[in-house]
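Asker: These are the residues of each chain, in order.
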Amino acid sequence: MNKITIANRNNTIFEVKGTKPLLSELRSQGLDLPYGCQYGGCITCAAKLINGEVDQRSQVALNNRQINNGYVILCVARAKTDCTFDIGVESHDKLYRNPFIDPLHPHELKSNIAIVKDNN
Amino acid sequence: MDGLCCGPGYASPSEAVRAPREKLLYTIAIYTGTGIQKPDYLATIDVDPESQNYSQVIHRLEMPGIGDELHHMGWNACSSCHGDEKMTRKYLLVPGVRSNNIYVIDTATNPHAPSLHKVVDGAKIKSKTNLSGPHTVHCLGSEIIISFLGDAKGEAPGGYLHLNKEFEIVGRWENSMGDIPFSYDFWYQPRHNVMVSSEWAAPNTFMPGFDLEEVGHLKYGRRLHIWDFEKKKPIETMYLGEDGLIPLEVKFMHDPNSSHGFCGAALSANVIHFWKSKDGKWEWEKIIDVDNEPHPDWPIPIPGVMSALLVSMDDKYLYINNWLHGDMRQYNISDPHNPVLTGQIWMGGLLGKAPIVNGVKVAGGPQMYQLSLDGKRMYVTTSLFSTWDNQFYPEIRTEGGVMVMIDCDVENGGMKINKDFILDFGKEPNGPSRCHESRYPGGDCTSDIWL
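Taken in order, these protein sequences are the chains called A and B.
The numbering used here applies: residue 78 is where the first sequence begins, and numbers increase by one.
The numbering used here applies: residue 7 is where the second sequence begins, and numbers increase by one.
For the record, the hints were derived by calculation from the structure and aren't laboratory data.
Every residue gets a Cβ at the ideal spot worked out from N, C-alpha and C, and that includes glycine.
Hints may be right or wrong, so weigh each one.
[As the list claims (entries may be wrong)] As a list, the in silico EDC-like pairs of lysine to aspartate or glutamate whose alpha-carbon atoms are at most 20 Å apart:
hint, chain 1, residue 1, chain 2, residue 2
1, B, K159, B, D112
2, A, K171, B, E220
3, A, K194, B, D261
4, B, K238, B, D157
5, B, K284, B, D261
6, B, K44, A, D109
7, B, K159, A, D132
[Said to hold, decoys possible] Only some residues are given here: those of chain A computed to face chain B with a beta carbon under 8 Å:
hint, residue
8, T121
9, R174
10, N175
11, P180
12, L181
[Said to hold, decoys possible] Here are some of the chain B residues that sit facing chain A, going by a computed Cβ distance under 7 Å:
hint, residue
13, S18
14, G39
15, G41
16, G73
17, P209
18, N210
19, M213
20, P214
21, F216
22, E219
23, N263
24, W304
25, N396
Use the sequences and the hints to build the structure in full.
Answerer: Structural data, given as structure tokens:
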């Protein structure tokens with residue numbers, strides 16, 4: 078069991094087994110969450126991870142900048158540790174960006190087309 | 007409202023032009039992606055100027071759950087089965103792009119208060135046909151096909167769902183997708199045995215929002231596809247290149263004998279005209295090129311984003327929008343090779359030319375529109391797609407969408423915003439929603455096709 082703390086819902090705590098994605102575990106316990114495609118393709122359910130670790134390998138919606146900013150696709154992600162999240166559109170401050178004013182660097186694209194950053 | 011003699015619709019486009027004026031309008035409104043945990047809904051709008059409820063939402067049909075992202079829709083029947091007296095234009099098919107569900111809505115039993123007739127389950131569509139991301143709905147005579155942009159995992163190119171007239175899944179409509187990389191809109195012109203389809207992107211690419219870099223990585227479309235309509239397979243590709251980045255809406259002329267059609271390339275902000283030449287070859291040319299506009303906060307000039315396009319029922323005028331600039335334009339296309347700009351209005355947009363219309367602040371820009379059959383009234387809404395709205399017009403989250411009516415001069419050309427009509431979806435009872443596509447019960451300029 079992992080403890081999931083929802084920081085922007087008065088630090089409400091839920092316990093999840095990790096057998097199902099976070100979206101369905103949390104919704105079944107009464108947490109009202111947005112969602113859309115339910116297969117990891119559309120970011121409607123994105124939440125921001127403040128602490129902890131998740132497995133969201135099957136998501137295909139986030140680019141690397143969004144991942145580096147902590148976004149997690151709840152409809153496919155499972156908690157690997159205790160986690161703290163901000164949920165809902167209040168957590169989406171860095172999820173959406175004007176692509177002309179603030180372009181992505183090559184390493185910030187979605188993982189299937191990103192170019193690995195050379196730090197040297 | 008349909009023609010008196012036989013089945014639904016009208017005997018010809020010229021008969022449709024003479025149909026009674028629309029009194030009701032059905033418009034999609036969404037909460038998906040807005041932060042409001044309510045279902046998307048179909049709004050019924052009173053557009054009868056004699057009514058005390060004129061310019062108001064008079065009914066809201068909520069979908070059964072949240073998160074659909076209702077987008078486009080279509081009728082179960084149109085003028086393509088005008089001669090079939092067993093058919094009626096009764097049901098609107100309303101797909102959820104994100105949920106994959108298709109809602110079949112009965113608008114005839116009580117046109118003022120439509121009701122849910124049936125749900126074609128999105129999971130069943132995936133398991134039976136390997137399709138997701140539904141978009142354009144057209145009836146083909148009594149049966150229905152719907153373009154889908156992805157496979158069950160949201161990867162391109164998707165394909166076409168075939169439903170029978172009871173809205174049961176028949177399977178895939180097409181016999182082959184050929185080497186088509188992406189799907190989006192389509193229109194068919196049966197007397198030329200042709201269908202033309204366009205390209206947006208895979209659901210997994212466009213649903214999360216727009217990354218400009220993905221255009222360069224060829225994740226967005228730049229082609230039109232010519233289909234052998236009877237054989238249900240693509241036979242030719244028109245590669246539009248830089249002139250045709252993200253070719254979205256496709257419309258043929260309404261005259262069933264015409265082979266002329268148009269597509270709006272959203273990112274290039276160009277209109278592509280295509281037609282069959284005298285020797286039977288399909289040709290294309292760019293006929294309208296909207297220049298990008300400078301903006302003090304942008305490092306590069308703003309593209310128009312021509313996300314939709316519409317041909318008047320009499321085939322005299324072509325209408326286009328520039329969602330980021332904020333203008334709607336009317337072109338006389340009596341000579342389709344040489345369109346003449348005859349009207350233009352501004353509403354919202356990023357250029358700041360008309361931030362307020364009829365007292366309402368316009369978040370977003372002109373995006374979807376429907377034209378009355380007589381060509382005189384155009385109803386325009388402002389939301390494109392929830393994630394894209396959130397990127398370009400973040401204020402739409404709190405301000406909601408707006409519907410504006412434009413008076414169109416069909417004799418001399420010209421467009422003017424009607425001063426008596428405005429619908430502020432920012433004031434909806436459950437909070438600001440975003441309005442999108444509209445349809446009239448009696449048929450409209452983006453539904454009816456003649457066999």
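Asker: So, for every hint listed, does it hold in this structure?
Answerer: Structure-based check of each hint:
| no. | hint | result |
| --- | --- | --- |
| 1 | B:K159 x B:D112 | violated (31 Å) |
| 2 | A:K171 x B:E220 | holds (19 Å) |
| 3 | A:K194 x B:D261 | violated (55 Å) |
| 4 | B:K238 x B:D157 | holds (18 Å) |
| 5 | B:K284 x B:D261 | holds (18 Å) |
| 6 | B:K44 x A:D109 | holds (11 Å) |
| 7 | B:K159 x A:D132 | holds (19 Å) |
| 8 | T121 | holds (6 Å) |
| 9 | R174 | holds (6 Å) |
| 10 | N175 | holds (6 Å) |
| 11 | P180 | holds (6 Å) |
| 12 | L181 | holds (5 Å) |
| 13 | S18 | violated (42 Å) |
| 14 | G39 | holds (6 Å) |
| 15 | G41 | holds (3 Å) |
| 16 | G73 | holds (4 Å) |
| 17 | P209 | holds (6 Å) |
| 18 | N210 | holds (5 Å) |
| 19 | M213 | holds (4 Å) |
| 20 | P214 | holds (4 Å) |
| 21 | F216 | holds (5 Å) |
| 22 | E219 | holds (5 Å) |
| 23 | N263 | violated (42 Å) |
| 24 | W304 | holds (6 Å) |
| 25 | N396 | holds (4 Å) |
Checked against the numbered hints above, the structure breaks hints 1, 3, 13, 23 and satisfies the rest.
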